[in-house]
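Enquirer: Can you build the whole structure from these sequences, using the hints too?
Listed below are the residues making up each chain.
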Amino acid sequence: MSNRVLMKGNEAIAEAAIRAGCRHYFGYPITPQTEIMHYMALRMPEVDGVMVQAESEVAAINMVYGAAAAGARVMTTSSSPGISLKQEGFSYIAGAELPAVVVNIVRAGPGLGGILPAQGDYFQATKGGGHGDYRNVVLAPASVQELYELTVEAFNIADRYRVLTMILGDGTLGQMMEPVLFRDEEPVETCEKSWATTGTRGRREHNTIQSIYIEADALERLNNTLQAKYRLIAQREVRAETVNCEGAEIILTAFGTCSRICKNVIRQAAQIGIKVGLVRPITLWPFPDRAVAAAAAQPSVKALLDIELNAGQMVEDVRLAVNGIRPVHFYGRTGGNLPTQQEILDQIQVLARS
Amino acid sequence: MEFSILLAGFGGQGVLSAGKFIATAALLEGKEVSWLPSYGPEMRGGTANCSVIVSDNPIGSPILNAADVLIALNGPSLDKFTRLVKPGGLILADSSLVHAVPARQDIRFIPVPASSMASEAGNMTFAAVILLGCLAAATECFGRDSFEKALYDALPARHHHLIPKEMAIFDQGATFAAP
Numbered sequence: 169m170s171n172r173v174l175m176k177g178n179e180a181i182a183e184a185a186i187r188a189g190c191r192h193y194f195g196y197p198i199t200p201q202t203e204i205m206h207y208m209a210l211r212m213p214e215v216d217g218v219m220v221q222a223e224s225e226v227a228a229i230n231m232v233y234g235a236a237a238a239g240a241r242v243m244t245t246s247s248s249p250g251i252s253l254k255q256e257g258f259s260y261i262a263g264a265e266l267p268a269v270v271v272n273i274v275r276a277g278p279g280l281g282g283i284l285p286a287q288g289d290y291f292q293a294t295k296g297g298g299h300g301d302y303r304n305v306v307l308a309p310a311s312v313q314e315l316y317e318l319t320v321e322a323f324n325i326a327d328r329y330r331v332l333t334m335i336l337g338d339g340t341l342g343q344m345m346e347p348v349l350f351r352d353e354e355p356v357e358t359c360e361k362s363w364a365t366t367g368t369r370g371r372r373e374h375n376t377i378q379s380i381y382i383e384a385d386a387l388e389r390l391n392n393t394l395q396a397k398y399r400l401i402a403q404r405e406v407r408a409e410t411v412n413c414e415g416a417e418i419i420l421t422a423f424g425t426c427s428r429i430c431k432n433v434i435r436q437a438a439q440i441g442i443k444v445g446l447v448r449p450i451t452l453w454p455f456p457d458r459a460v461a462a463a464a465a466q467p468s469v470k471a472l473l474d475i476e477l478n479a480g481q482m483v484e485d486v487r488l489a490v491n492g493i494r495p496v497h498f499y500g501r502t503g504g505n506l507p508t509q510q511e512i513l514d515q516i517q518v519l520a521r522s
Numbered sequence: 003m004e005f006s007i008l009l010a011g012f013g014g015q016g017v018l019s020a021g022k023f024i025a026t027a028a029l030l031e032g033k034e035v036s037w038l039p040s041y042g043p044e045m046r047g048g049t050a051n052c053s054v055i056v057s058d059n060p061i062g063s064p065i066l067n068a069a070d071v072l073i074a075l076n077g078p079s080l081d082k083f084t085r086l087v088k089p090g091g092l093i094l095a096d097s098s099l100v101h102a103v104p105a106r107q108d109i110r111f112i113p114v115p116a117s118s119m120a121s122e123a124g125n126m127t128f129a130a131v132i133l134l135g136c137l138a139a140a141t142e143c144f145g146r147d148s149f150e151k152a153l154y155d156a157l158p159a160r161h162h163h164l165i166p167k168e169m170a171i172f173d174q175g176a177t178f179a180a181p
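Same order as they appear, the protein sequences are chains A and B. If you want the working numbering, it's the 1-based position in the first sequence plus 168. If you want the working numbering, it's the 1-based position in the second sequence plus 2.
Read the hints as simulated data drawn from the structure, not as lab findings. Predicted model only: the values in this text are computed from it and were never measured. Just to be clear, a hint being listed does not mean it is correct.
[To be verified] A few chain A residues facing chain B, derived, Cβ under 7 Å:
| no. | residue |
| --- | --- |
| 1 | Arg428 |
| 2 | Lys431 |
| 3 | Asn432 |
[To be verified] Just so you have them, the derived chain B footprint on chain A, three or more residues with Cβ under 8 Å:
| no. | region |
| --- | --- |
| 4 | 341 to 351 |
| 5 | 499 to 513 |
The C-beta atom is built at its ideal place from N, Cα and C for all residues, glycine as well.
Expert: Structure representation (C-alpha cells):
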C-alpha cells in the first residue's frame, strides 16, 4: 500500500501505455475519455514520444495503421461515437495483421447519445464492428488498478498475435479515482517485427503491408491464417474472475462497472440467506465459455442472471455457454443509468423463490 | 468500517478537490478509497458533486445509493441529496449559502458558515477546507495529520505556502463538530 497513487482511470490507462513502451498516440477528444489525451500531451514529450490530436477519429485510426505498420507500439482512444468512426480502420488493421491498442470508454447510445456510462458497445466490440471476418481481443477491466495492468497486457497481446486489442471500459471507470500500485518493472514482451515496413536500407526484400487480395485463393489463405490465429487466442488468452460460485443458488454474470455493483449485491444477498456467485469475464472476446458453463452446471444453481448497462448483449454469449442447461435471465439499465444494488437484489429474490 | 460521503455544490467551490483531499488523506492512512465525480448533464448546468468511499476493505461499487455523510455547499444540493443520507447519518452545510434546514429528524445536521469564514480569511477556496475540518472532527473518516499531508501531496508546490493557513482554518471548522 505504501506507494499507491490516487489516479483517474483514464490517467492510469495513459500511464500504463507509456510504461508498456507506447511512444505513439493518436486521438481526437471526446467525453468521457479526454483525460487520456491530456495525460499523453503532458507525458509523451517527456519520453520522446508522439501525441497527435488528429483532425478526426478516422484520421487518428489511420495514423495508428501507419505507425503499427512501421513496427511502433501505438494506441488510440475514444468513446462510443468516435469508436464507430474508427471501425473501417479496425477492419483494415485486422486484414493487414497489425498490432495496435484501442481504448473505448463507452458512453450511452445509440447515435450521439449521452456522455454517461454504458456497455452498449459490447456487440460492436466483440462481434466485429467493421466489415469482414475478423476478431479483436477485448479486455474488460473493472478497477483503476486493472485498467493499468490490462492496458500493459493489451500491448503484449497485440504484439504476440499481430491483432488489435481493445480495452472496453465505461464512463464510470474512466472518470473514477482509485489507488494504483505501479510495478517497479513492467512485464513488457518484446518481439521481433521482421514484417514491419522500416526501410530496407538495401539489405532485404521490401516488406508489404496490405489488406487487399484480389485473388480468391490468396484472400482465403489470409482468412485461414486469421482464423487459425483466433483459435489460438481463444485457447490461450481467456480470462475470468469467479466470486463465491461454489454451491451458489444464483450465478450472476457481469463485466466492468456492473460486476462491482454485483459484488456488493453478493454480500447483501448473503445477509438474507441467498447464496449468490459471480462470473466476471475479463476477456469479452475470447469469451470465458468454460468458466460460465462450469458455474452453471453445479446442481445447486437454479438460474443465471446477467446484468449489463445495455438492453441485453453479453447475455447472448452467456446463453451460448450455458447451452440450455439452466435458465439465463437478464436485467439491464440504459441511457447512462446504473442498476442499484436493490434492483438487482429484487431480481435475485424472484429467481430464488421460483 | 466503510464510510461514504457525497459532496455537492456549484462548480468552482472546490467540491471535486475536497473529495480528492478526503480520498488522499484516507489513502495515506492505508485505507481503501474511491472517488467518483458527476460528469454528466448536471455538470453542464454548473453544479458539481462527487462520491467518496473510505473503507478498511476492498470497495465494491464506487456508486452511492445512500451516503453516511452529505456535504452541501449550496441550497439545491441540500434539497436534492438529503433523501440519500442514511438514518443516523450526518449532513454538513455551508450555512452562509444554505438557509434551509433538512426536514429529517433521524440525522445529525451541522450548519457551518464556511463561506463567510473563508471570505473573512481572504480566500474563498477555504470554505470547503472548513467543512472538511468539521467532517474530520465529527467522524473517523481521516485524521488531521493525514489531511495536512494530503494537502502537500495533492497541491502543486506553488500553493504550499497556503497550507499553514488552511490548517488553521481546518481547525476552526473542527470546532463546529462539538455536540
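Enquirer: A separate judgement is required for each hint: does it hold in the structure or not?
Expert: Cross-check of the supplied hints:
no. : hint       : in the structure
1   : Arg428     : holds (4 Å)
2   : Lys431     : holds (4 Å)
3   : Asn432     : holds (4 Å)
4   : 341 to 351 : holds (count 5)
5   : 499 to 513 : holds (count 5)
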